[in-house]
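There are 2 protein chains.
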Amino acid sequence: MTESKQPIEFYFDFSSPYGYLMNEKIDALASQYDRQVRRHPILLGVIFQSTGTRPPVDGTSSKSKYMWHDFARSARHLGLPYTPPSRFPLATQNAARAYYWLNAQDGALAKQFAQAAYRACFVEDRDISSPEIVLEIAAKIGVDREQLATALQTPEIKAQLKDECEQALATGVFGSPHIIIEGEHFFGADRLPQIEHWLKTGGF
Amino acid sequence: MTESKQPIEFYFDFSSPYGYLMNEKIDALASQYDRQVRRHPILLGVIFQSTGTRPPVDGTSSKSKYMWHDFARSARHLGLPYTPPSRFPLATQNAARAYYWLNAQDGALAKQFAQAAYRACFVEDRDISSPEIVLEIAAKIGVDREQLATALQTPEIKAQLKDECEQALATGVFGSPHIIIEGEHFFGADRLPQIEHWLKTGGF
Chain A
100 MTESKQPIEF YFDFSSPYGY LMNEKIDALA SQYDRQVRRH PILLGVIFQS
150 TGTRPPVDGT SSKSKYMWHD FARSARHLGL PYTPPSRFPL ATQNAARAYY
200 WLNAQDGALA KQFAQAAYRA CFVEDRDISS PEIVLEIAAK IGVDREQLAT
250 ALQTPEIKAQ LKDECEQALA TGVFGSPHII IEGEHFFGAD RLPQIEHWLK
300 TGGF
Chain B
100 MTESKQPIEF YFDFSSPYGY LMNEKIDALA SQYDRQVRRH PILLGVIFQS
150 TGTRPPVDGT SSKSKYMWHD FARSARHLGL PYTPPSRFPL ATQNAARAYY
200 WLNAQDGALA KQFAQAAYRA CFVEDRDISS PEIVLEIAAK IGVDREQLAT
250 ALQTPEIKAQ LKDECEQALA TGVFGSPHII IEGEHFFGAD RLPQIEHWLK
300 TGGF
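In order, the protein sequence lines correspond to chains A and B.
Note that our numbering gives residue 301 to position 202 of the first sequence, counting from 1, and the numbers run on in steps of one.
Note that our numbering gives residue 200 to position 101 of the second sequence, counting from 1, and the numbers run on in steps of one.
Treat the hints with caution; some may be incorrect.
As the list claims (entries may be wrong) - Cross-link-like lysine-lysine pairs, in silico, DSS-like; alpha carbons within 25 Å at most: (1) B:Lys-124 with A:Lys-299; (2) A:Lys-162 with B:Lys-261; (3) B:Lys-162 with A:Lys-261; (4) A:Lys-124 with B:Lys-210; (5) B:Lys-162 with A:Lys-124; (6) B:Lys-210 with B:Lys-162; (7) B:Lys-239 with B:Lys-257; (8) B:Lys-124 with A:Lys-162.
Bear in mind the hints are in silico, worked out from the structure with no lab data behind them.
All values derive from a computational prediction rather than experimental measurement.
In isolation and in its complexed conformation, chain A is listed as follows (with noise of 0.2 Å):
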């Protein structure tokens, strides 16, 4: 009998570079030491809002100026394409709903969902925080768009979405991309060594 593994938790939000980032590494990472991913996309406006915290890039500091230019000098060293939205940051509770009702039916479906919304936004330069634009995102992918249009708006998919992000709160969750494998936290795509590092040896 193989012992099971717990799945990777990927916290993240859709407006977030370095989720992005992320979102195109873990699934391979994790499936080369046996782990599934578990996304919880959520909304980082209401994190900051809730722990006091700024966004990190908030106008024309030096540290704002140093972080666009290093979310795509970091894309370029993780071999990734990456676009700078002109649109920064974007409302994604239509991203998220739509994730969460696609993964209640379909897993493999949502991921491929999450993955096309967040190229969309980073490689495309879509607005998805438009409603229309998430819909077809999801329909090109094959899911039908009247069905998700109409869960987009029921209490239940809201009601779900706000959870998840209390949720993440109360586990720590502080920002995008928030990865936890068994209650060890890692905060930033620039964790990625340190997690390959910690699922080769176990913990370190």
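Since the structure of chain A is already known, use the hints to place chain B on it.
Showing chain B alone in chain A's frame:
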């Protein structure tokens, strides 16, 4: 005739845990790519006040707890000893001034001092805000204690540290460790893989 390469500019505060990690790693990396390292100890308090940034570790938030955990884990990841400092943050103007005074006379000795002061803080948990302890650390590596004690009180050395902080701000430095390679900025010890990638490829 070989083209001479610009030194790697390394900005740090002696109370920065990630600065300690960078200080332990940057010289070997630089010399692997025929570079020198030019150190600039600065005062993060001055930087944060001017940029309106808050220190990343400032209480009992999820993020602060994570960062304390990550300091130690990052050290283990890099194979470095680390002891959580019992005093934090520390005033580091004495250590920074000692560095500049030493560096004006003997660059190798100043580098040795930087390493000794950082290890005193982050391995031996000593209070490097104390002028007495700074003098003791310097004396142990062969510095004349009385001469240094006098130097630390001169308006010249105080002005030099002030100038360095102002120049760091003007250059776009916003935290510690902050590395600049021919105008390319890298913030954080977690950028070591990107720094190596950059040095190896001449930019990517």
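Structure-based check of all given hints:
{"no.": "1", "hint": "B:Lys-124 with A:Lys-299", "verdict": "holds, 23 Å"}
{"no.": "2", "hint": "A:Lys-162 with B:Lys-261", "verdict": "holds, 21 Å"}
{"no.": "3", "hint": "B:Lys-162 with A:Lys-261", "verdict": "holds, 21 Å"}
{"no.": "4", "hint": "A:Lys-124 with B:Lys-210", "verdict": "violated, 38 Å"}
{"no.": "5", "hint": "B:Lys-162 with A:Lys-124", "verdict": "holds, 23 Å"}
{"no.": "6", "hint": "B:Lys-210 with B:Lys-162", "verdict": "violated, 32 Å"}
{"no.": "7", "hint": "B:Lys-239 with B:Lys-257", "verdict": "holds, 23 Å"}
{"no.": "8", "hint": "B:Lys-124 with A:Lys-162", "verdict": "holds, 23 Å"}
When held up to the earlier numbered hints, the structure conflicts with 4 and 6 and fits the remainder.
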